[in-house]
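Take a look at the letters that make up each chain.
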Amino acid sequence: MELTVGPNHFFWSSEDWSALYDGLASAPVDRVILGELVCSKRLPFYQDAILPAIETLIAAGKEVALTSLSLITLKRELKASMALAEVGVDVEINDLTALSHLPEGAKFSVGPLVNVYNEGTLGWLAKRGATRICLPPELPLASVAALCAAGAEAGIAIEVWGHGRIPLAISGRCYHARLHGRMKDNCLFACEDDPDGLQVDTSDGQPFLSMNGVQTLSDSCASMAHHVEALRDVGVSALRLSPQSVGFVDTCSLYRQRLNDEIDGDTLADELRRVSNGMRLSDGFLTGARGADWSGKAA
Amino acid sequence: MEIVCPAGTPAALRAAVKAGAHTIYCGFADETNARNFPGLNFSREEMAEGIAFAHGHGSKVLIAINTFPRAGSESLWHAAVSDAETAGADAVILADIGLLAYAANNHPNLRRHLSVQAAAANADVINFYGSEFGVKRVVLPRVLSVPEIAAINKDTDIETEVFVFGGLCVMAEGRCSLSSYATGLSPNMNGVCSPASHVEYLEEDGHLSARLGGYTIHSVGKDEPAPYPTLCKGCFGAGDKTGHLFEDPVSLNAEQLIPQLAKAGVTALKIEGRQRSRSYVAQVVKNFRAAVDAVDAGRPLPEGMLARLSEGQAVTTGAYKKTWR
Amino acid sequence: MPLAPVSLVLTRLTRNMATRHSSMFRRLGEHDNARFLLDPTDLPVTLCLEPRQGQPKVTLHRTPPQADARIAGPLAALIGLVHGAYDGDALFFSRDLVIEGDTAAALALRNAVDDAELDIAAEIEALSGPFARPLHRLIDLAERRTGVALTRHEEDLLW
Chain A
1 MELTVGPNHF
11 FWSSEDWSAL
21 YDGLASAPVD
31 RVILGELVCS
41 KRLPFYQDAI
51 LPAIETLIAA
61 GKEVALTSLS
71 LITLKRELKA
81 SMALAEVGVD
91 VEINDLTALS
101 HLPEGAKFSV
111 GPLVNVYNEG
121 TLGWLAKRGA
131 TRICLPPELP
141 LASVAALCAA
151 GAEAGIAIEV
161 WGHGRIPLAI
171 SGRCYHARLH
181 GRMKDNCLFA
191 CEDDPDGLQV
201 DTSDGQPFLS
211 MNGVQTLSDS
221 CASMAHHVEA
231 LRDVGVSALR
241 LSPQSVGFVD
251 TCSLYRQRLN
261 DEIDGDTLAD
271 ELRRVSNGMR
281 LSDGFLTGAR
291 GADWSGKAA
Chain B
1 MEIVCPAGTP
11 AALRAAVKAG
21 AHTIYCGFAD
31 ETNARNFPGL
41 NFSREEMAEG
51 IAFAHGHGSK
61 VLIAINTFPR
71 AGSESLWHAA
81 VSDAETAGAD
91 AVILADIGLL
101 AYAANNHPNL
111 RRHLSVQAAA
121 ANADVINFYG
131 SEFGVKRVVL
141 PRVLSVPEIA
151 AINKDTDIET
161 EVFVFGGLCV
171 MAEGRCSLSS
181 YATGLSPNMN
191 GVCSPASHVE
201 YLEEDGHLSA
211 RLGGYTIHSV
221 GKDEPAPYPT
231 LCKGCFGAGD
241 KTGHLFEDPV
251 SLNAEQLIPQ
261 LAKAGVTALK
271 IEGRQRSRSY
281 VAQVVKNFRA
291 AVDAVDAGRP
301 LPEGMLARLS
311 EGQAVTTGAY
321 KKTWR
Chain C
1 MPLAPVSLVL
11 TRLTRNMATR
21 HSSMFRRLGE
31 HDNARFLLDP
41 TDLPVTLCLE
51 PRQGQPKVTL
61 HRTPPQADAR
71 IAGPLAALIG
81 LVHGAYDGDA
91 LFFSRDLVIE
101 GDTAAALALR
111 NAVDDAELDI
121 AAEIEALSGP
131 FARPLHRLID
141 LAERRTGVAL
151 TRHEEDLLW
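Chains as they are written, first to last, in this note's numbering: chain A, 1 to 299; chain B, 1 to 325; chain C, 1 to 159.
If we strip away everything but chain A, and leave its shape as in the complex, we get (with noise of 0.2 Å):
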């Protein structure tokens, strides 16, 4: 199984951003989709740092690829996403907008935050030129194995959430600039006090969710360190990683020695809350009663 990192969905400085392609370049992973997926007023702040990042990675021998927004409505949204294309890496659309602006024939991979759910949708997309599918994160087991066995078919592999805080919902609404009493339009930007999202709890002090900006996240952050086995059999081909601010490159080192048999599902867990500071776990969705839930050992 391979392991790819997804697009970073929080707001960092140029800097940082840089630096965490740089530490991927060395790190055991297969694959990297970089770009901005969660709101267009971040790109002017590290836009320079993407050209660079693809080549330091291409130079690496790492996949490369280029994702769309999750919710385009803009005008200049509409005009980035046609732009995508012309940057000649494979382009990871995250709304279906992107693929209307792909030119017939193009290959391009689908992301977890368009909705396939079915062999219909998977087939459609193949047609188009689909070559690799991330699934949406709620999908339980039975439906991974479906479309996995319906991927094989149609020569397209299959990705599953493997790790970070899920992608539970997006808005036109800006959740951080209306936790200051402010808007979308003049947001100051304070989704990047929080490089991991901000936590929100519940009023009896329960962490509950977690928000970054227009996009709503769980607070728990789901792994699938017990369920390796069980997807390797159903035929997923790669786990998608996605960027913390803490211990990332770490983490990504500690699924490749999970992958490898080097380590077992509760080391695994345990190193990762250690290289997290303490982050707490689910995996509910695939297997569970529902996405909060941990199959593993309480921490």
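Don't take each hint at face value.
Claimed, not checked - Lysine-lysine pairs mimicking DSSO-like chemistry, simulated, CA-CA at most 30 Å apart: (1) B:K286 to B:K222; (2) B:K154 to A:K184; (3) A:K75 to A:K107; (4) B:K222 to B:K241; (5) A:K41 to A:K79; (6) B:K60 to B:K263; (7) A:K41 to A:K62; (8) A:K184 to A:K75; (9) B:K60 to B:K154; (10) B:K286 to B:K136; (11) B:K286 to B:K60; (12) B:K18 to B:K154; (13) B:K154 to A:K41; (14) A:K79 to B:K154; (15) A:K127 to A:K75; (16) A:K62 to A:K79; (17) A:K62 to A:K127; (18) B:K136 to A:K75; (19) A:K79 to A:K127; (20) A:K184 to B:K263; (21) B:K136 to A:K79; (22) A:K107 to A:K62; (23) A:K184 to A:K79; (24) B:K60 to B:K18; (25) A:K75 to B:K263; (26) A:K184 to B:K241; (27) B:K18 to B:K286; (28) A:K79 to B:K263; (29) A:K79 to A:K107; (30) B:K241 to A:K41; (31) A:K127 to B:K222; (32) A:K41 to A:K107; (33) A:K75 to B:K154; (34) B:K136 to A:K107; (35) A:K184 to A:K41; (36) A:K107 to A:K127.
Unchecked claim - Chain A regions said to be covered by chain B (calculated; three or more residues, Cβ under 8 Å): (37) 120-130; (38) 165-178.
What the hints contain is simulated information worked out from the structure, not anything from laboratory work.
All values reported here derive from a predicted model rather than from experimental measurement.
Ideal placement from N, C-alpha and C gives every residue a C-beta, glycine not left out.
Assemble chains B and C onto chain A, guided by the hints.
Relative to the frame of chain A, chains B and C by itself:
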């Protein structure tokens, strides 16, 4: 302008038709639609009868088949599309790409509308659905302002339908897993959000706590309006702040914006609420029909009477005004 | 007032309704074996309804028994809900109605009743002979206490 009105039961359909709805939308009693609630929706027989009733009174009926078919079980959704055509539906409302392709190929004469669950928020993707799947009308996501809606209508020939009243979704619909994170059930997979099966109310000393999947979503005092624990309307804490961080428990009432929506080129006004009673449906339809008739005749809008029916008994114009973001 | 005879009549009434509104009980789906309490807070009795998959049983109680779901509120609100004069959500938002216990079951009941377009007085009229008589005492009591008429008027629904 056309008023498109929800019907959760045959009785509600008849009430809506009699109250003056031009078009009714409803679903089959299974997971093929996004209001798959206990005791709600139509059997195949009830659907055929309802459509005959509506047609007899000059109203149209649209059938929502707008969840995302489950891998390995697509035949359930295919059967729904086929049965919709047999029952005489004027259109089906779809969201899933695979199902749109299936309907276009196998039921080419069955009109296809694009559900709000497809989150088609710009003219490029709307035209894409039109050219790829023959979609004739799109229900616009509730994240767009009126000027944005006007701009979209300029750039597409596909009809647009916008929500004007009822429950408000703050997240892009069809792309939200908040509910399945907390309960295991989601709008996309099961046709439910914040399902009643996972709701718990705890009343202690005149203080009411509403929980979903064990998470406290609301906590209110004795004399405050009662909250249903819809996830995104909850009261939460982040940093040093507490409040309705995502959205207040209000519902949408864009009645006053009908003239602007008409100018923006909108074809149809959609009322949310298949899970509401026939009295809600009739009252809301009468009100909006009166408003639309007034706008058509160049008269001022009548004063609304709808506050009592709204969640939290307070309303918002939602994203239509840009200040919502 | 002895409750047992009234309970028998209410059961007969509900069984007749089941025959004439068969889809109402079908709508309950997986909740057709649940136990519902309808609790008029302005009367000294509680009504316990068990649909029992189409063979319903109704009993009146002075002390509310255990049940799967309880819907409580002034009699006017409960009757209005049954007749479709009021909207259940509106009553719930304003705290006129309180729902406890299995919310899904309560919702199924509410949707089933809303679709059935019931008219309680008409249902009572349709009851024949001596079975109707014990019911009149309850109706008199209810009307006196709450001022609520039991007949549904299509046109003057309270909007």
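Hints, verified against the model:
With a C-alpha separation of about 33 Å, the suggested pair B:K286 and B:K222 falls outside the 30 Å cut-off, and the hint is violated. Distance hint between B:K154 and A:K184 is fulfilled; the C-alpha atoms sit about 25 Å from each other, no more than 30 Å. For the suggested pair A:K75 and A:K107, the alpha carbons sit about 25 Å apart, so the restraint of at most 30 Å is met. At most 30 Å may separate the alpha-carbon atoms for a hinted pair to count; B:K222 and B:K241 meet this at roughly 24 Å.
Between A:K41 and A:K79 the alpha-carbon distance is near 14 Å, which keeps this suggested pair within the 30 Å criterion. Distance restraint check for B:K60 and B:K263: the Cα-Cα separation of roughly 24 Å lies within the 30 Å cut-off, and the hinted pair is therefore satisfied. Proximity of A:K41 to A:K62 is assessed by CA-CA distance (about 28 Å); at most 30 Å being required, the pair is judged to hold. Among the hinted pairs, A:K184 with A:K75 is consistent with the structure: their alpha-carbon atoms are about 16 Å apart, no more than 30 Å.
Restraint check: the Cα-Cα separation between B:K60 and B:K154 comes to about 26 Å, which is no more than 30 Å; the hinted pair holds. Our distance criterion of 30 Å between C-alpha atoms is met by B:K286 and B:K136, whose separation comes to about 27 Å. For the given pair, B:K286 sits about 17 Å from B:K60 by alpha-carbon distance, which is consistent with the 30 Å threshold. The suggested pairing of B:K18 with B:K154 is violated, with an alpha-carbon distance near 34 Å, which exceeds 30 Å.
With a C-alpha separation of about 26 Å, the suggested pair B:K154 and A:K41 falls inside the 30 Å cut-off, and the hint holds. Of the supplied pair hints, the one linking A:K79 and B:K154 holds, its CA atoms being roughly 18 Å apart against a limit of 30 Å. For the hint pairing A:K127 with A:K75, the CA-to-CA distance comes to about 29 Å; that is within 30 Å, so the pair holds. Only pairs whose Cα atoms come within 30 Å are accepted, and A:K62 paired with A:K79 is accepted, the gap being roughly 28 Å.
For a cut-off of 30 Å, the pair hint linking A:K62 to A:K127 stands: about 26 Å separates their Cα positions. Taken as a hint, the B:K136 and A:K75 pair is honoured in the structure, with Cα atoms around 23 Å apart against an allowance of 30 Å. Our distance criterion of 30 Å between C-alpha atoms is met by A:K79 and A:K127, whose separation comes to about 25 Å. As the CA atoms of A:K184 and B:K263 are separated by approximately 26 Å, the hinted pair is consistent with the 30 Å bound.
Using a Cα cut-off of 30 Å, the hinted pair B:K136 and A:K79 holds, with the two alpha carbons roughly 25 Å apart. Simply put, A:K107 and A:K62 have alpha-carbon atoms about 18 Å apart, close enough for the 30 Å limit, and the pair holds. Taking the CA atoms of A:K184 and A:K79, the gap is near 20 Å; set against the 30 Å cutoff, the hint holds. Restraint check: the Cα-Cα separation between B:K60 and B:K18 comes to about 13 Å, which is no more than 30 Å; the hinted pair holds.
Restraint check: the Cα-Cα separation between A:K75 and B:K263 comes to about 21 Å, which is no more than 30 Å; the hinted pair holds. Between A:K184 and B:K241 the CA atoms are separated by roughly 18 Å; this keeps the pair inside 30 Å, and the hint holds. Restraint check: the Cα-Cα separation between B:K18 and B:K286 comes to about 9 Å, which is no more than 30 Å; the hinted pair holds. For the proposed pair A:K79 and B:K263, the alpha carbon gap of about 27 Å is at most 30 Å, so the pair holds.
Proposed proximity of A:K79 and A:K107 is supported: the alpha carbons are some 20 Å apart, at most 30 Å. Of the supplied pair hints, the one linking B:K241 and A:K41 holds, its CA atoms being roughly 25 Å apart against a limit of 30 Å. In summary, the hint linking A:K127 to B:K222 is not supported, as the alpha carbons are separated by about 58 Å, beyond the 30 Å threshold. About 28 Å separates the Cα atoms of A:K41 and A:K107, which keeps this hinted pair within 30 Å; it holds.
Under the criterion of a C-alpha separation no larger than 30 Å, the hint pairing A:K75 with B:K154 is consistent with the structure, at around 13 Å. At most 30 Å may separate the alpha-carbon atoms for a hinted pair to count; B:K136 and A:K107 meet this at roughly 28 Å. For the given pair, A:K184 sits about 9 Å from A:K41 by alpha-carbon distance, which is consistent with the 30 Å threshold. Taking the CA atoms of A:K107 and A:K127, the gap is about 10 Å. The hint holds against a cut of 30 Å.
Counting residues of the stretch 120-130 of chain A whose CB lies closer than 8 Å to any CB of chain B gives 6, which reaches the minimum of 3, so the coverage claim holds. Coverage of a stretch by a chain is defined here by at least three residues with a beta carbon nearer than 8 Å to that chain's beta carbons; for the stretch 165-178 of chain A and chain B the count is 11, and the condition holds.
In this structure, the earlier hints numbered 1, 12 and 31 are contradicted, and the remaining ones agree with it.
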